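Visitor: Each chain, letter by letter, is given below.
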Amino acid sequence: MKEPKRKTAQRTIALTGTAGFLGSSILRRLEADPRFTHVIAIDNKKPPFPIKKTHFFRLDLTEVMADAKLVEIFKREKVDTVVHAALPVTPVHHMAYTHELQSVGTMYVLNACSGTNVRKIVLTSTTDVYGARATNPNYLDESAPLRGGFKSTFIADKIDAEMQFLKHAKKHPNVVVTILRPCTIVGPNVHNFKTSFIQRPIVFTIMGYDPLFQFIHEEDVLHALQMTIEKDYPGIFNLVGDGVLPLSKVLQLAGRIAMQVPAPLLYPASQIAWYASLSPAPASHLDFLKYLCVADGEKAKQVMKFIPKYSTKEALLSFIGAMRLREVHLVAAPGGA
Amino acid sequence: MEEELHNIHYLNPNPATAEASQTSSQEQLFLRLEAHLERMETEFKKTVKQFAKQDGHRSSPASADLSEMVHNLEERLKMVSDEVRQAAAPRQKKSQLIKLVEGGLHLLGTTSTHAVRDFFVKTWFGNAKEESFEFDDFGLDPTFMEKVKPFFDFLYQDYWRVNVKGVHHIPRDGRGLIVSNHSGTLPYDGAMIRVGVLNEHPARRDVRFLVEDFVYHFPFLGTFMYRTGGVRACPENAERLLNKDHLVAVFPEGVKGIGKEFKNRYRLQRFGRGGFIKLALKTRSPIIPTAVIGAEEIHPIIYKSTALAKPLGIPYIPITPTLPWLGPLGLIPLPSKWTIVFAEPIRFDRYGPEDAEDQMLVNKLSEMVRSNIQDHLSEEIKNRRSVWFG
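Chains A and B supply the protein sequences, listed in that same order. Taking my numbering, the leading residue of the first sequence gets 1, the next gets one more, and so forth. Taking my numbering, the leading residue of the second sequence gets 1001, the next gets one more, and so forth.
Hints are computed from structural coordinates only; laboratory data are not their basis. It cannot be assumed that every hint is accurate.
[Stated by the list, open to error] Restricting the straight-line Cα-Cα distance to at most 16 angstroms, the calculated cross-link-like pairs of lysine to aspartate or glutamate (EDC-like) are:
#, chain 1, residue 1, chain 2, residue 2
1, A, Lys-313, B, Glu-1297
2, A, Lys-305, A, Asp-232
3, A, Lys-305, A, Asp-242
4, B, Lys-1244, A, Glu-298
5, A, Lys-313, B, Glu-1134
6, A, Lys-313, B, Asp-1137
Fair warning: this is a prediction, and the values are worked out from it, not measured in the lab.
Start from the sequences, fold in the hints, and give me the full structure.
Guide: Right, here's the structure in full:
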């Protein structure tokens, strides 16, 4: 290397998906941190807050030749680290677009990475890729097979993105490839289809099934993400809060009414509700209300020394507290009279 | 508008109503509240003015903001008092009789509505005092366990009259693998081993028993198993439990054992592929061979239908003297007399975790444990005079 070695934080960091929750939150962190001087944000929407030092590039990752444009940006800005957070958390009705964004968008990003001097790439995935199956062991480690995509194309695209990252790691052994798999993220600022599931006054669950759930607080995820940006941790890491809670207790803590419906009724009904935009997710996601999908966060603890601040229960309570405040605020909001 | 509000705000209590009814005392309370608020407001205004004077013209925009805030506050307070007044007003017009009837209804109502409310709160939200929000890693609910313990104790003491031998062979602390014969259509034997060790062992150790996959395909049953200490049988789960120094009960016969036909009772089936030996070698845990006698008679399976069971996702449909014929009553197990024998622990200290790869050795050790259990079974059967009385 001819270039004088710069500290990790001073290298140029490119973030994709900065309009989404994870992308925008990590961008906010990097904005506030004076150690990071060169940050660029790539998305087709502006970040949801005013940016000062970040350079924003408006680019739709699904458009044709997006990789050429990315190469241009990466070369001009001398990008060193890419955080690919442009995978949507919430399923959308426009399945073709989601597929384009998750699979093809990832391909474009990786193409651009191999064409330039990108030294580190980080992907934010989810533990949903393991899939909820009756034959899952209680704790899934990183080597467990990814079986979430059998029913859901949404998760299948996420798995495809992960596979592309792993292939990239094989092709370019000197590139640090990190895949983070956080479990369900909750917290005062999170809004995705899983939190909106808890926010409904009556929640439909599957009769006779009460699987264990796992949550991680948004701050813990962002902390882990920042750790991977600052230091090199090649490999796949599950990010989970300590402890588990059954679904029934989750709903009790949230003060929601659980309506138990037999599985043969609930699956078609929720698929229809999904088509009618009444349900936040297609019926294939009901598997997560039926069977276990709990990940083992031991590797992140051992290798990354990542100790989550919030346990599963604490993270959930933090989310519920914020949710209640929001509800009260809606009732007592001034301005009407 | 402003004046009207003002009028309502400064309204004095009507002396005629104040004398008579109960509601007037409420009214007075409200009025006192209003007066308090009034005083607070004036004080607030005063202090704001003082601040404005002290700071001079530099803070004049701020003081303007503050006065606006005060104004808003005032208006809101007035609205509150207005609402309170409206709520209190109609009660003044009621006659004594209506009040009496209302009071009676209220008395009746409180008891019934409370009961109804409590019922719904209990069914929907559960009683917060009785429910726990702490679960162990595998979904065992200590509070639920406490609730169902009497039922298991009834099965253990009165129904099957379980006799436990050799409980001192179970280590006081540290890991241990209880290996037992399997039978009974549903995993009652695991539950009874658990209750037996909990009741008879001086250290009151908690046994986690592994349960076949197919149980977890059923609604309710799988959840019940998790809450009461069962764990889905897979090597990852068992290894995790043993590494945390738990006592784990495994049934290497698996589905072949739990659905054993009556003619094959107390004949141990093949012990899988020796997964439990690999487990013991990997985690360096001692094996406690265990024989459960009596469980193989609770559901005498005459015939197994596998073709009909496939669409249901279960391994077989058992036909017993009672099962399809008596309907749900056929699910009640027969009251045989049980004996659980814990034999001397077998340690594999000579071998290390790397020997788990040696399939020949694993098979040899597996067969050794199997014959050990079979010996204990045969001996107990020989000494047993009656299936029902032991």
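Visitor: All the hints need checking, so say for each whether the structure fits it.
Guide: A quick look at each hint next to the structure:
no., hint, in the structure
1, A:Lys-313 to B:Glu-1297, "violated, 44 angstroms"
2, A:Lys-305 to A:Asp-232, "holds, 12 angstroms"
3, A:Lys-305 to A:Asp-242, "holds, 14 angstroms"
4, B:Lys-1244 to A:Glu-298, "holds, 13 angstroms"
5, A:Lys-313 to B:Glu-1134, "holds, 9 angstroms"
6, A:Lys-313 to B:Asp-1137, "holds, 13 angstroms"
Violated hints amount to a single one, hint 1; each of the other numbered hints is respected by the structure.
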